[in-house]
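Chemist: Spelled out from the first residue to the last, the chains are:
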Amino acid sequence: MTKTSLSRRSRAEKWTATLALLLICVGFILPFVWMLSTSLKTLENAMTMPPEWWPSPMVPENYSAVLENKKLDFPLLAHNTLMVALLTVLGTTISSAIVAYGFAKIDFKGRGLLFGVMLATMMIPFPVVMVSLFTIFRWMGDNTPLQFLGTLRPLWLPAWFGSAFNIFLLRQFFMTIPDELSEAATVDGCSEWGIFRHIILPLSRSALVVVALFTFMGAWNDFLGPLVYIQHPGQYTLALGLQTFQSQHGGTQWNLLMAASLLVIMPIIILFFLAQKSFIQGIATTGMKG
Amino acid sequence: MTRKESQQLGKGLAFLSPWLIGFLVFTLLPVALSLYYSFCDYSLLQSPAYIGTENYRQLAADPIFLKSLKNTLIYALMALPAGLMVSLGLAMLLNQKVPGQAAYRTIIFLPSLVPTVASAMLWLWLFNAKLGLINNLLDQAPFSWMISALNFVLGILHLPQIATPIGWLTDPLYAMPALALMSLWGVGHTVVIYLAGLQDVPGELLESAEIDGAGAWTRMRHVTLPMLSPVIFFNLIMGIIGTLQVFAVPYIMTQGNPARATYFFTMYLYDNAFRYLKMGYASAMAWIQLLIILALTAFAFWSSKRWVHYQGK
Amino acid sequence: MQILKQGFSAILAVLAVFFLIFGGRREQGSHEGRVVVNYWEKWTGNEAEQMGQIVDDFNNTVGKEKGIYVQYLSMSSVDQKTLVATAAGVPPDIAGLWDPQVTQFASINALEPLDELAKAHGIREGYYKPVYWDACRYKGRLWALISTPAAAALHYNKALFVEKAKELRAAGLDANRAPRTLDELDRYAKVLDEYETVRGRKQVKISGYLPMEPGWFMQYTVYWFGGRLFDEKTQKLTINSPKMIEAYKWIQSYSKKLGKDSMTEFRSGFGSFASAQNPFLVGTVAMEQQGPWMANYIEDLKPSMNRWKMSKEQERKLPYEARQANYQWGAAPFPSAVANLENATYAGFDTLTIPRGSKHKKEAFEFIAYVNRQDVMEKLNSLHCKNSPLAKVSTKFINEHPNPYIDVFEKLAASPHAHGVPKIPIWPEVSEELGVVAQRVYLLEAEPKQALDEAQARLQLKWDDYRARQRARNSQNAANGGGA
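Chains as they are written, first to last, in our numbering: chain A, 1 to 290; chain B, 1 to 313; chain C, 1 to 484.
There could be a bad hint or two in this list.
[Unchecked claim] Derived CB-CB ranges, DEER-like:
1) 197(A) to 103(B): 23 to 29 Å
2) 234(A) to 140(C): 23 to 29 Å
3) 195(C) to 141(B): 26 to 32 Å
4) 187(A) to 309(B): 45 to 51 Å
5) 231(C) to 66(B): 28 to 34 Å
6) 66(B) to 162(C): 49 to 55 Å
7) 19(A) to 146(B): 19 to 25 Å
8) 234(A) to 103(B): 35 to 41 Å
9) 122(C) to 66(B): 50 to 56 Å
10) 234(A) to 391(C): 55 to 61 Å
[Unchecked claim] Not the full set, but computed from the structure, chain A residues with beta-carbon under 8 Å of chain C:
11) 69
12) 73
13) 197
In short, the hints are calculated from the structure, not lab data.
Think of the CB as a built atom: it goes at the ideal place given N, C-alpha and C, for glycine as much as any other residue.
Assemble the whole structure, with the sequences as input and the hints as a guide.
Modeler: In structure tokens, the structure reads:
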């Protein structure tokens with residue numbers, strides 16, 4: 001096989017890929033365009049069937065209506081949400097990585113059993129433990145100097161004890177790192193913590209970024225948790241604030257809901273756009289495995 | 001236990017300790033309570049009263065429980081394999097070094113960021129039988145020809161033909177596939193995990209395979225897929241757990257309609273717990289769900305020995 | 001670089017600990033030494049704001065005098081949040097639940113009985129219209145009072161009637177009034193139905209009437225057939241009674257008339273309720289069953305229907321009786337299927353309850369009593385565009401109400417043939433099942449009798465089981481020395 005035919009084929013593959021991507025992306029960006037256009041419509045036009053893609057009249061005032069909403073202090077909500085999200089990301093990334101290392105690289109009796117138990121915890125529907133959890137936080141509030149109910153703590157504290165999804169994800173990635181690397185380090189007198197900290201973690205950057213990113217997004221958009229634990233409007237998170245525009249029995253202000261939703265998800269879209277680069281950089285760091 | 005073994009155990013438990021503490025406080029306790037509740041008459045607002053296996057016995061004879069279980073399994077059979085394949089395909093496309101790669105990746109991920117209510121509203125329109133985009137497309141060539149051709153074949157086989165316009169969410173026959181189709185659009189998370197996994201597939205290996213004359217399919221079958229198998233396995237497990245707990249989208253979009261054609265297990269569980277105030281009954285359902293998922297996961301683990309290759313070993 | 005990174009992590013960790021200890025204290029919110037009453041409500045949007053006005057009024061007047069501050073919070077799924085908070089022992093002091101929950105929650109002592117407090121404030125039988133008073137009671141005690149009530153009535157599009165005046169006359173019907181019997185309604189509907197041919201397919205263009213649009217009260221259809229859903233005396237569900245079967249046959253007759261598939265396709269083109277594409281506002285459904293709030297929604301979404309002949313300014317100069325002519329729509333009692341059943345209706349309402357475990361019962365009731373003052377009640381229900389639950393209604397309320405047909409709703413709510421939600425604790429489950437029965441029936445998946453028989457068998461079993469469990473619980477409690 002000659003070099004030219006090879007490059008011709010890979011060029012053809014590239015073109016097919018681009019074409020396919022373009023087509024698929026049209027389908028995937030549709031909802032976003034729709035949200036954007038709805039957010040700029042009057043309430044009357046918002047629910048027209050079939051939808052008009054170009055809003056007329058255009059109502060950019062929807063955005064100021066959301067931001068200057070009397071009942072909803074948007075900057076405060078953003079502050080609360082950011083606080084919860086950052087603490088959650090920090091806690092879960094650190095603790096999940098430590099636990100995942102234990103599951104992936106240390107061979108001890110009962111590991112398989114504990115791993116199975118951990119996986120099983122993901123299968124419990126949240127509504128079932130919700131009430132018990134609530135009771136536990138209440139008990140903790142009554143019996144420790146710290147308050148839990150009516151504060152933001154129940155939202156981020158559990159994250160510091162690892163999350164099963166992230167532990168499993170990181171464990172799968174740690175497992176792909178050859179054992180010879182850590183064995184060599186042990187010979188060099190490196191402690192278990194040292195191997196984790198200086199060999200495994202640097203090699204797992206892309207996975208860690210994924211974990212941090214997903215956790216951030218999850219915490220940013222989490223609705224059920226705040227719904228259960230937060231009662232005071234001063235502690236509302238953005239996702240909880242969004243429901244102000246939404247009603248169970250009709251009367252939803254769709255244009256405002258979409259404008260507010262866009263304001264809420266815009267930071268994560270930007271974050272994602274920037275962070276996805278680290279996947280590419282991930283190649284550079286773990287490329288040595290070839 | 002040898003000294004080495006106990007040393008390993010100590011080290012392992014030390015690394016596991018954050019999770020172990022959290023597990024005991026935030027998971028084991030609530031879960032143990034829910035197991036106890038499943039043997040109780042418990043309305044949340046009255047103290048639980050022990051009634052033995054009564055909840056489980058009643059579940060076995062509850063037609064709605066069985067219907068919701070059947071619906072959920074059918075949905076999982078449709079959405080899970082399709083989701084795994086579509087997301088893998090997308091991830092491979094997104095892994096190509098093409099101009100605008102970052103933008104494509106972001107766009108594919110966008111639907112997972114759109115709040116559920118917003119995407120539900122959009123899809124209600126897309127699926128609308130009369131005004132929806134999908135049916136309007138199907139009315140145009142070449143899709144209309146395809147449907148005619150398909151109906152011709154179905155006619156020869158004496159099978160019921162496809163009646164247009166299709167009532168995507170109003171016809172009990174189509175409501176479930178419609179939801180499965182919609183789920184494909186929210187695969188962003190899975191795609192990202194695949195993408196991260198694909199970074200660990202060494203480029204040199206693929207290049208040497210290409211120089212050896214291996215086509216795209218062969219390279220995928222013999223290099224990429226085996227290298228990616230731990231990640232595929234992860235997504236499979238998460239898919240089992242996720243699809244069997246499907247809740248929010250049908251709860252908002254169809255409320256289980258038409259005639260309970262899209263009424264899923266978790267919806268009935270949720271209704272029992274919070275609308276009918278039968279926490280005991282709901283807990284029993286949760287434990288049955290747990291056991292089903294556990295069995296399926298165990299099967300996946302058992303089969304994984306044949307097809308998942310860990311490099312570490 | 002490494003040091004920088006580690007330093008950064010350390011700072012974050014310190015911040016976290018700091019936040020854990022000092023951050024996010026529970027806000028106790030003492031308002032100038034006043035007792036804070038937490039009030040959770042279900043509404044969002046305009047309706048939430050309107051209730052907010054009432055709360056502000058209270059806080060500035062009666063609340064100020066008596067040292068009470070109502071902290072008002074509207075949220076979705078208020079019932080579930082109340083449930084979880086009550087179960088955990090930190091309930092709100094007032095919860096605005098839905099009407100089925102009065103019986104459901106009261107049957108398991110999840111609410112505080114209000115008899116004594118109501119009596120002390122002069123609220124007793126006779127203060128409310130009978131249907132509402134009865135609906136607030138369960139097992140001889142009072143568990144809730146009302147914030148905003150409603151009654152279901154027939155709404156019809158006068159313009160479509162006028163358009164088809166000739167055809168209606170030919171069928172022996174009067175285009176200037178609403179149908180008065182169910183049989184007449186069917187005949188009106190048939191004349192008003194309109195079809196069109198699109199791409200060689202016959203499609204429904206306008207439907208005279210559709211039981212499932214919006215279908216909110218479909219499970220109560222039997223009220224207009226002279227039947228009931230639950231027999232309180234024998235404690236038996238009666239959902240497969242002959243009258244029920246008749247009612248569901250009537251529902252089914254509409255999808256048989258239009259054709260199942262064309263009806264389904266027709267309905268799928270409808271816009272959502274709270275949009276300008278609402279089929280009643282667009283004029284694709286000529287008659288439907290709705291509540292008094294419709295006038296407000298029309299004003300917001302299609303104001304022209306409230307200004308058919310003249311502007312609002314001109315209308316205001318007219319005497320009250322003449323005002324109705326300026327509306328493109330009319331409201332009338334929904335006709336009954338049998339004779340001597342005038343003004344039959346389903347009467348629903350939103351409640352004010354005190355969940356068990358509230359720490360400020362007396363203060364909470366001060367607010368509930370305030371809302372139930374005639375002037376406050378009439379202000380709130382004018383804002384919400386609903387009728388009043390009270391027996392006494394001022395002429396001012398009627399004359400200045402945003403709904404020109406409010407007297408129709410007042411009449412319906414006061415009628416002896418008005419019925420509320422059946423008083424059976426498992427009603428939410430029964431209601432859900434009846435919704436599915438209706439779908440099976442109008443999708444022609446099952447015959448009414450068969451579907452209702454199946455539902456009756458299943459639900460009676462659930463109901464018997466519910467009672468058996470409560471009995472077992474009570475006898476166990478008695479055995480344990482009568483502990484709560």
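Chemist: All hints, please: hold or fail.
Modeler: Now the hints, each set against the structure:
For the pair residue 197(A) and residue 103(B), the beta carbons lie near 35 Å from each other, so the given range of 23 to 29 Å is not met. Checked against the given bound of 23 to 29 Å, the beta carbons of residue 234(A) and residue 140(C), roughly 42 Å apart, lie outside it. Checked against the hint of 26 to 32 Å, the pair residue 195(C) and residue 141(B) passes, with Cβ atoms roughly 27 Å apart. The hinted window of 45 to 51 Å between residue 187(A) and residue 309(B) is violated, with their beta carbons roughly 26 Å apart.
For residue 231(C) and residue 66(B), the Cβ-Cβ distance of about 30 Å falls inside the hinted range of 28 to 34 Å, so the restraint holds. For residue 66(B) and residue 162(C), the Cβ-Cβ distance of about 53 Å falls inside the hinted range of 49 to 55 Å, so the restraint holds. Distance hint check: the CB atoms of residue 19(A) and residue 146(B) are about 21 Å apart, consistent with the given range 19 to 25 Å. Under the hint 35 to 41 Å, the C-beta atoms of residue 234(A) and residue 103(B), about 39 Å apart, fit the expected range.
Between residue 122(C) and residue 66(B) the C-beta distance comes to about 54 Å, which sits within the given range of 50 to 56 Å. For residue 234(A) and residue 391(C), the Cβ-Cβ distance of about 42 Å falls outside the hinted range of 55 to 61 Å, so the restraint is violated. At about 11 Å, the closest approach between the beta carbon of residue 69(A) and any beta carbon in chain C exceeds 8 Å, and the interface hint on this residue is violated. With a cut of 8 Å, the hint placing residue 73(A) at the interface with chain C is violated, because the nearest CB-to-CB distance is about 14 Å.
Below 8 Å, beta-carbon pairs count as interface contacts, and residue 197(A) has none with chain C, the closest being about 10 Å; its hint is therefore violated.
In terms of the numbered hints stated before, the structure departs from hints 1, 2, 4, 10, 11, 12 and 13, listed from lowest to highest.
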